[in-house]
Amino acid sequence: MNALQQLFLTKKQNLLSLFFTAGYPQVDSTTQIIEAAETAGIDFLEVGMPYSDPLADGPVIQQSSTRAIANGMTLELLFRQLERIKNRVKIPLLLMGYLNPVLQYGMVRFVQHAHACGASGVILPDLPLDEYDQEYRKLFEEYDLSPVFLITPQTSEERIRWIDQLSNAFIYVVSSAATTGKQQDFGQSQQSYFQRLQAMKLKNPLIGGFGIHNRQTLQQAWQNLNGAICGSAFLKKLDIAPAPGKAIEMLMNDLEIQKKQKV
Amino acid sequence: MTSNQKLFSEKHTTSSSEKVIKHNIPNERGFYGNFGGAYIPEMLYPNVDELRSNYRQILESDTFRQDFGLLLRDYVGRPTPLFYARNLSKKAGAKIYLKREDLCHTGAHKLNNVVGQALMAQHLGKRRIIAETGAGQHGVATATVCALLRIPCTVFMGSKDMARQKPNVMRMQMLGAKVIAVESGSQSLKDATNEAIRHWINHPADTYYLIGSTIGPHPYPDLVARLQSVISKEIKVQLLREEGTENPTHVIACAGGGSNAAGAFFHFIGNGKTRLIGTEAAGEGVDTKLTAATINSGKAGIIHGCKTLLMQTADGQVVEAHSVSAGLDYPGIGPLHAHLHQTGLAEFIPVTDTEALEAAMMLSREEGIIPALETAHALAALEKMAFKPTDVIVISLSGRGDKDLQTYQQYFTKP
Numbered sequence: 049m050n051a052l053q054q055l056f057l058t059k060k061q062n063l064l065s066l067f068f069t070a071g072y073p074q075v076d077s078t079t080q081i082i083e084a085a086e087t088a089g090i091d092f093l094e095v096g097m098p099y100s101d102p103l104a105d106g107p108v109i110q111q112s113s114t115r116a117i118a119n120g121m122t123l124e125l126l127f128r129q130l131e132r133i134k135n136r137v138k139i140p141l142l143l144m145g146y147l148n149p150v151l152q153y154g155m156v157r158f159v160q161h162a163h164a165c166g167a168s169g170v171i172l173p174d175l176p177l178d179e180y181d182q183e184y185r186k187l188f189e190e191y192d193l194s195p196v197f198l199i200t201p202q203t204s205e206e207r208i209r210w211i212d213q214l215s216n217a218f219i220y221v222v223s224s225a226a227t228t229g230k231q232q233d234f235g236q237s238q239q240s241y242f243q244r245l246q247a248m249k250l251k252n253p254l255i256g257g258f259g260i261h262n263r264q265t266l267q268q269a270w271q272n273l274n275g276a277i278c279g280s281a282f283l284k285k286l287d288i289a290p291a292p293g294k295a296i297e298m299l300m301n302d303l304e305i306q307k308k309q310k311v
Numbered sequence: 053m054t055s056n057q058k059l060f061s062e063k064h065t066t067s068s069s070e071k072v073i074k075h076n077i078p079n080e081r082g083f084y085g086n087f088g089g090a091y092i093p094e095m096l097y098p099n100v101d102e103l104r105s106n107y108r109q110i111l112e113s114d115t116f117r118q119d120f121g122l123l124l125r126d127y128v129g130r131p132t133p134l135f136y137a138r139n140l141s142k143k144a145g146a147k148i149y150l151k152r153e154d155l156c157h158t159g160a161h162k163l164n165n166v167v168g169q170a171l172m173a174q175h176l177g178k179r180r181i182i183a184e185t186g187a188g189q190h191g192v193a194t195a196t197v198c199a200l201l202r203i204p205c206t207v208f209m210g211s212k213d214m215a216r217q218k219p220n221v222m223r224m225q226m227l228g229a230k231v232i233a234v235e236s237g238s239q240s241l242k243d244a245t246n247e248a249i250r251h252w253i254n255h256p257a258d259t260y261y262l263i264g265s266t267i268g269p270h271p272y273p274d275l276v277a278r279l280q281s282v283i284s285k286e287i288k289v290q291l292l293r294e295e296g297t298e299n300p301t302h303v304i305a306c307a308g309g310g311s312n313a314a315g316a317f318f319h320f321i322g323n324g325k326t327r328l329i330g331t332e333a334a335g336e337g338v339d340t341k342l343t344a345a346t347i348n349s350g351k352a353g354i355i356h357g358c359k360t361l362l363m364q365t366a367d368g369q370v371v372e373a374h375s376v377s378a379g380l381d382y383p384g385i386g387p388l389h390a391h392l393h394q395t396g397l398a399e400f401i402p403v404t405d406t407e408a409l410e411a412a413m414m415l416s417r418e419e420g421i422i423p424a425l426e427t428a429h430a431l432a433a434l435e436k437m438a439f440k441p442t443d444v445i446v447i448s449l450s451g452r453g454d455k456d457l458q459t460y461q462q463y464f465t466k467p
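Top to bottom, those sequences are chains F and Y.
Per my numbering, the very first residue in the first sequence carries number 49; after that it's consecutive.
Per my numbering, the very first residue in the second sequence carries number 53; after that it's consecutive.
Chain Y extracted, bound-state conformation:
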């Protein structure tokens, strides 16, 4: 251990010695063990503090719970099925269930969070919503809910991503959102996030910043994890019906920022019965520069207002991530996952671009479901693990693959 690392770990002992009541919920200061917190300039403090002091109360209020529940049921389409994948089970030699988040409106789990936060914005009396987006999935989800609730919406998107993801730009515009091209830095998700935060600094009073994943300053990681926790809540009920137990032996989910994994893990964290497996996008490989496997190749530091693991240079400059899947192409990961990794409560395995692409084809042929590229990273874990016949595995099928057809076509028609 270098003196730097030592200092860093020493520094962390203060926060880790504070009581963590539950591993899936941060302490008062927003820390999951050593990770989380709110590392924000003073200009952001009032905005973040307003949310921090109100979110728990709003989440627990009757009106919020009622509105959120109805929208999840009738607009998002919940509960999503827990599908017993017969062919896949035979192949893996264990029972495999797919949690069908791909059947949510707009095609992914993203909408759970957006519906909740848009209602949160209304409760806080905010009149505008801003969001960042990488591939455009979170942007589309935000534009969708903002159309429904008649809230003016602005989405920040890297200019490179806009060129790569034209259909999603068109969707957002059709839904009435304003899409702003971000030209700064690497012109991708990390810079879209910076720009959204800057915009929020400049419009503190009337604007709500709707973050798309379990990242950002406290309370965002907690807020997003709670809103997505409906995924594991439903799994428990559905699995009890199917298998006579609430707890699977394994839950597998892909993790970029980590909202889908947070939701799929939430009610199983620390239960001593369920192995939680996150799959990270390794891109061309964990040991290459073209990777997004933050947990396997990153170091502790601060990105977008929270302490977590991130990919950075020795000088602490944030580096660009790479993955064939735009939704996992983020150089950080939610602080909850950094904590689960550090404590061994979850394990994170890297999956390369090629492994993910092959897994997408495998699921399409075995079960007649074309998954999103992000989701394909979770499916690829099946090839990397050994199971017992008594194992009951739930895979979060976080999104559908329509948006990735071009990538699939390019890969599978390659000579």
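Pulled out of the complex, with its shape left as it was, chain F reads as follows:
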């Protein structure tokens, strides 16, 4: 059982996760952000593997990826950075990115290195479900890595059930049919979507993402799902804050979370 699965055994609600792009704003920011997130009591992290053509992402994550690549971030370097801190931090980590860089690195080698540097899971939004099932499922299981898949309000029930069956950590609930960072406040459509998911009684926890940026969006995700992931809003803070710890503090203010309440 990986660290992420252990977390879900003990904590079942009000989970908070952050997404950030490795190598942004500076190439060495990766480890600083992870350590700051652990100190701040964030439950788990998605470490973005930057890609030149991030189709599902809005301008904020795109720009962070472009900057990170220009900073010299690569998968090789990311694994070295994670290796360096793996004994110092306990916060569960997921690697999130697009399939092409992973294929060039080699899927077997990628999974081995992800496992070796302590990652709990992988999110590759453009990896087709059938391809995962037929070609990589055994490999992921062998290295105790959890695959995480996205669902949207348009995903059919049949597909959600398939994803639930393939998953062993959580399901990433995309709040609306939109690229990252595009959403305003959540409304009735998100509410009914979240309730529809609840009613399905899935085996995996549901974590909401895309558009979590203030109290309203966070609370609505927390009330209906098991937790929330904040990405673009966090990257915006990283861009203006002097240090990652400060960026998390600023984000917590926007989300109106007291540090104490979180732990």
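For the record, the hints were derived by calculation from the structure and aren't laboratory data.
Treat the hints with caution; some may be incorrect.
Some chain F residues near chain Y, calculated using beta-carbon distances under 8 Å [unchecked claim]: (1) Leu57; (2) Leu103; (3) Pro107; (4) Val108; (5) Leu147; (6) Asn148; (7) Pro149; (8) Gln152; (9) Pro176; (10) Thr227; (11) Lys230; (12) Gln232; (13) Gly235.
As the structure is a prediction and not an experimental result, all values here were calculated from the model.
Heads up, the beta-carbon is just placed ideally off N, CA and C, and yes, glycines get one too.
Since chain F is already given, all that's left is putting chain Y on it; use the hints.
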């Protein structure tokens, strides 16, 4: 072979072992051998799936076939002539025919695809059309058909390309399309494509994404190839009349994303009689960084939702292509062509900027036809190949050269 490459080829054996019934048509999952598929985030899944589950049925329906046929005839101007190029034949020492796609409305083969997909959008009940464009040819074609069919149209174009291709921006605007400047990434075709896809993610219900080439997630490569296949269908009929055989010994076409080559090759693929030759834009040379010769310098990977050959760094970041011809300036190539290359069913030869420019002048002087720069890449193959007097060669003259006059002028008046 490195372990990476080995893994990659091993990984592919699953899909390649699946039955490929015909080499010009992908399997159920959208694979031509090892290439194709639909590598898309879940946000795109419903849009792409809707098209995938309906396109074959729509293409085969009587109303679609009738509407498409009439528009091809009366609006696009088909069939386009198959012209016996006497002077060029003498020069090459073989019979050379030119398939005159440059005589289509808007000046290139592009319109065949656009007419078909715009009708497809109507059949699917979509109310808006979006498209990406590089040099603006596909954007102009889309704006044209959308004006005709009264469909609101938005075209995404890199801001760099907008500055380079002002006349096409003006054409699109005159035709009533909204042109959106793309500022992300390299501000060219690849980023215009990303932005169009993002827009589609954000407007899934009412919008149809009209892709301009045989690229993108399944079913687009197949859909576009089928719509362009009218080119080789006509060649067969016309050649039978002229030469008493349906099958030329050679078909030559340029390939960027590959829609013109797909159309010109389609009915000859795997016939055992016709050598299919694609020409790629080598830019300054295949071994330089300034190239767009994807097949000759790219590696297998994923771009814009399909598995194919693409130009990328060792880390798998997509790199920018370079060619003097904006229409071939794309770092990937359609999965059909990657497959034809891998199986040897077609060969792809690189043609440099200079070779293409010289070939454009050659055709202008020999036959009185100024070709598009893209097309000039196909003509340049004549210089690189040896022919027998009995050979019958069809070259797809994919577009006319009006749009490239400035480039020609700069090159040929250079001191």
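Verification of the supplied hints:
{"no.": "1", "hint": "Leu57", "verdict": "violated (27 Å)"}
{"no.": "2", "hint": "Leu103", "verdict": "holds (5 Å)"}
{"no.": "3", "hint": "Pro107", "verdict": "holds (7 Å)"}
{"no.": "4", "hint": "Val108", "verdict": "violated (11 Å)"}
{"no.": "5", "hint": "Leu147", "verdict": "holds (5 Å)"}
{"no.": "6", "hint": "Asn148", "verdict": "holds (4 Å)"}
{"no.": "7", "hint": "Pro149", "verdict": "holds (3 Å)"}
{"no.": "8", "hint": "Gln152", "verdict": "holds (3 Å)"}
{"no.": "9", "hint": "Pro176", "verdict": "holds (6 Å)"}
{"no.": "10", "hint": "Thr227", "verdict": "holds (5 Å)"}
{"no.": "11", "hint": "Lys230", "verdict": "holds (6 Å)"}
{"no.": "12", "hint": "Gln232", "verdict": "violated (12 Å)"}
{"no.": "13", "hint": "Gly235", "verdict": "violated (16 Å)"}
Hints 1, 4, 12 and 13 from the earlier list are contradicted by this structure; the remaining hints agree with it.
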